[in-house]
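Enquirer: With the hints as your guide, set chain B onto chain A.
The listed protein sequences derive, respectively, from chains A and B.
The opening residue of the first sequence carries number 0 in numbering that gives the first Met the number 0; numbering runs sequentially from there.
The opening residue of the second sequence carries number 0 in numbering that gives the first Met the number 0; numbering runs sequentially from there.
Hints may be right or wrong, so weigh each one.
Since the list gives no way to pick out one identical chain from another, each pair is judged satisfied if it fits inside one copy or across any two copies.
Derived lysine to any residue pairs resembling SDA-like cross-links, with alpha carbons at most 25 Å apart [unchecked claim]:
id : residue 1 : residue 2
1  : 16        : 305
2  : 16        : 62
3  : 16        : 66
4  : 16        : 96
5  : 16        : 113
6  : 16        : 262
7  : 16        : 128
8  : 16        : 3
In short, the hints are calculated from the structure, not lab data.
Here is how the chains run, residue by residue.
Protein chains: 2
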Amino acid sequence: MRLRDLGEFPFIEEIRKAVSAAPGTVIGIGDDAAAIECGREGILALLTTDMLVEGTHFDRDRDAARGIGWKAVGCGLSDIAAMGGLPRAALIALGAPPETAVAFCRELYRGADDLARRFDCPIVGGDTVRSGAGLVIAVTVCGEVERDRVARRSAARPGETVWVTGRLGGSLAGRHLAFMPRVREARFLVERFGVRAMMDLSDGLGGDLHRMAAESRAGFRIDAGSVPVDRAATGEADDETAVRHALYDGEDFELLFTLPAGGDPAALEREFAARFDCPVTRIGEVVGRTSGITLVREGREAPLAEGGFPHFE
Amino acid sequence: MRLRDLGEFPFIEEIRKAVSAAPGTVIGIGDDAAAIECGREGILALLTTDMLVEGTHFDRDRDAARGIGWKAVGCGLSDIAAMGGLPRAALIALGAPPETAVAFCRELYRGADDLARRFDCPIVGGDTVRSGAGLVIAVTVCGEVERDRVARRSAARPGETVWVTGRLGGSLAGRHLAFMPRVREARFLVERFGVRAMMDLSDGLGGDLHRMAAESRAGFRIDAGSVPVDRAATGEADDETAVRHALYDGEDFELLFTLPAGGDPAALEREFAARFDCPVTRIGEVVGRTSGITLVREGREAPLAEGGFPHFE
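Looking at chain A on its own, in the form it has when it is part of the complex:
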């Protein structure tokens, strides 16, 4: 069997099976970042790595070098945010063809550094290698989080409300290279509102809802009309097309989370608006122990097809 026939998530299951479990690993393969014991009472180390490949995640001719560097670091920061943590250090491994312009690489590192600096996450090391076939960047971000505040994909429970930050869709209009990882917003959510079920939106809300539902073994009921769409990026589409963009474009790098039962939605909206430029929107609720997604649209319900960006198809 080929990867294209297996798909990404069954492949990650294969990897889970191929590697050994370890006692100090609190959260292993499958969440936005790994969380491990680090020898400090009450603190977990967070580790995440993201690979960006030319032609898949960026286009060297179209996308400016700074944007590529920014995006590479941003993916990692967004993963740390999704765990409720704070980033501490980043590493960048770059594979580049020998004919790559030095100036291009310099701008790429400057773009990466520009974003990393804003979150006190210095680039402390990495690797540079010759690549025979296109530019490849792998960024690792290390962070930390209090053990009793770590957020994970598997923690959504019936009765909780479902929320997203920002506006979704239209990432290819350019935002996928210029997004702001929601590190501060995520810290606020775990500190102030006890959020413990969270992930970042990288494959598109449509696919990522399925991920969180499956990991949490819960069903989600989503109100299509409430999904916040980035109208500037998706253009003058009709409502249905706009929601489709929000569900399936991917690379939003916003947060998907649930507010624990007993949390005050009005307070969340009010306090969030007072602190951050980015909106926060309630889009639905966790409804049961079956891990399907129901989309409600103009009073009618339909199961939401899994249709996130297919990695190996």
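Expert: Chain B only, in chain A's frame:
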């Protein structure tokens, strides 16, 4: 200017200039791993990432999947060893074309896990992405080391003796996929013999001596006849050809280190031999404050040309 015209080490200098310095970074870009403050008194976190690209570092048709996985993790473990540290966790990012066989990937992860397990360094996470152009693997290894035991490239001082572990050369005969990172040997050296100047041999002794000399601002005098050559791997070559293999083949993943003045060379040899299968060999001495390498061969001296594996040429 293109990367091929600049070369790897001036490029790393460019990167150093492009990124911001950070106060908590004890050792940053340019050593085998970064060392940063981690909130534990007297302990530094070690972070290293290595990228392996098909066609540059391995050949999918020739090199078995298990060997590729082993090598990817081994590079990171070897970097942690070179800092005198202990590995704690690894991440693997894999970029693979959609037509890659799932069984091949599974074996790759098993090979990685096989080596990682031997050093209590679980694979806790990673990334899987589609690559349009060949297999790419980026492995990050996190470790730790006591602040007063961290070894670095820049610590060699005149009067110290220069040593290597193992036998060098001939890595392409297969050892570059089956090497054993010298984690235990390195810990023994820093704990028992106070070794603080160390690096791993990845580009070949010829190039790596220049790296350590430049970082330490010291000159090395190396006895060509004492350089341990892997005769089984380099074949029935004459002495000069054998030494050339040892200097320039690269990917030995052995340790290059100095024994501090006052250290007992005979005790080092005796105790090392009692504990480890791998040999340890004195090959020269640190001679002054000018960062050149002098090779002594049959009573004659000559400057050693820089000729490690050129990454961008």
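Enquirer: None of the hints should be skipped; say for each whether it holds.
Expert: Results of checking the hints against the structure:
Proximity of residue 16 to residue 305 under the C-alpha cut-off of 25 Å is restricted to the intra-copy arrangement: shortest distance 24 Å within a copy versus 45 Å between copies. In this assembly of identical chains, residue 16 and residue 62 lie within 25 Å of each other by CA distance solely across copies; the values are 23 Å between and 37 Å within a copy. Taking the shortest Cα distances, residue 16 and residue 66 sit within 25 Å of each other only across copies (19 Å), while inside one copy they are farther apart (36 Å). In this homomeric assembly, residue 16 and residue 96 come within 25 Å of each other (Cα to Cα) only across copies, at 21 Å, whereas the closest approach inside a single copy is 34 Å.
Proximity of residue 16 and residue 113 under a CA criterion of 25 Å is satisfied inter-copy only: 13 Å between copies versus 38 Å inside one chain copy. In this assembly of identical chains, residue 16 and residue 262 lie within 25 Å of each other by CA distance neither inside one copy nor across copies; the values are 37 Å within and 47 Å between. Taking the shortest alpha-carbon separations for residue 16 and residue 128, only the inter-copy value of 18 Å comes in at or below 25 Å, while the best intra-copy value is 30 Å. Proximity of residue 16 and residue 3 under a CA criterion of 25 Å is satisfied intra-copy only: 19 Å inside one chain copy versus 41 Å between copies.
When held up to the earlier numbered hints, the structure conflicts with hint 6 and nothing else.
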